[in-house]
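Enquirer: Residue numbers (the numbering used here), protein chains in the order written: chain G, 10 to 121; chain L, 553 to 665.
What the hints contain is simulated information worked out from the structure, not anything from laboratory work. Keep in mind that the hints are not guaranteed to be accurate.
[Said to hold, decoys possible] Pairwise CB distance ranges, derived in the manner of DEER restraints: (1) G:L65 <-> L:S619: 25 to 35 Å; (2) G:S79 <-> L:N636: 33 to 43 Å; (3) L:E653 <-> G:E75: 16 to 26 Å.
Nothing here was measured: the structure is a model prediction, and the numbers come from that model. No residue lacks a Cβ here, since even glycine has one placed at the ideal position from N, Cα and C.
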Amino acid sequence: AQSVTQPDIHITVSEGASLELRCNYSYGATPYLFWYVQSPGQGLQLLLKYFSGDTLVQGIKGFEAEFKRSQSSFNLRKPSVHWSDAAEYFCAVGYNTDKLIFGTGTRLQVFP
Amino acid sequence: EAQVTQNPRYLITVTGKKLTVTCSQNMNHEYMSWYRQDPGLGLRQIYYSMNVEVTDKGDVPEGYKVSRKEKRNFPLILESPSPNQTSLYFCASSTAGASYEQYFGPGTRLTVT
């Protein structure tokens, strides 16, 4: 069965430090890949998505993600974290046109 | 402003009392979906709709019903709520399917006692 794994439940970084959030998926073909962010008390907002083409995708708020087929991964990165990036981040995988499977999320805490 | 609205935002109810959570989008999207979010489990899809009068089960449909009589509305119905349906619910819509960017509503926090 298709699944999405976010192995880090909680990550703490200092403001200005680099960030990498991990996401692995299991799926036979190349899926559609997404990262969403949920700020406290808010709905989800799309950060970036990968459908095909260049495996390094740029998103909003300075985030980027790299699709690595050989590792079935789609890790999210940011070179310098801001305090406003504190939120919960969800990786999601889409297959066919009907369903989207979400990972369990990674909560990011940013210290000044 | 393009948006997905949900009502109510907060609801406390008792076991067995039927309730409806409304969802409406103003983007003329064909696809709409309901998710529940629980700690440690992420978001799980309850039901989705590819278009008017076309609905299908997601991963956790038990205890829920939906209808799609109009393109803009996709209400979630709990005929006999139980405490295990206490959760945070999100409605979402997209142009043509789950593989497109989904726009999420602000969420409905439901407590069933």
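Enquirer: Could you run down the list of hints and mark each one as holding or not?
Expert: A quick look at each hint next to the structure:
With their beta carbons about 42 Å apart, L65 of chain G and S619 of chain L fall outside the hinted range of 25 to 35 Å. A beta carbon spacing of about 40 Å between S79 of chain G and N636 of chain L agrees with the range 33 to 43 Å that was offered as a hint. At about 19 Å, the beta-carbon gap between E653 of chain L and E75 of chain G stays in the expected band of 16 to 26 Å.
Hint compliance for this structure: hint 1 is the single one not met.
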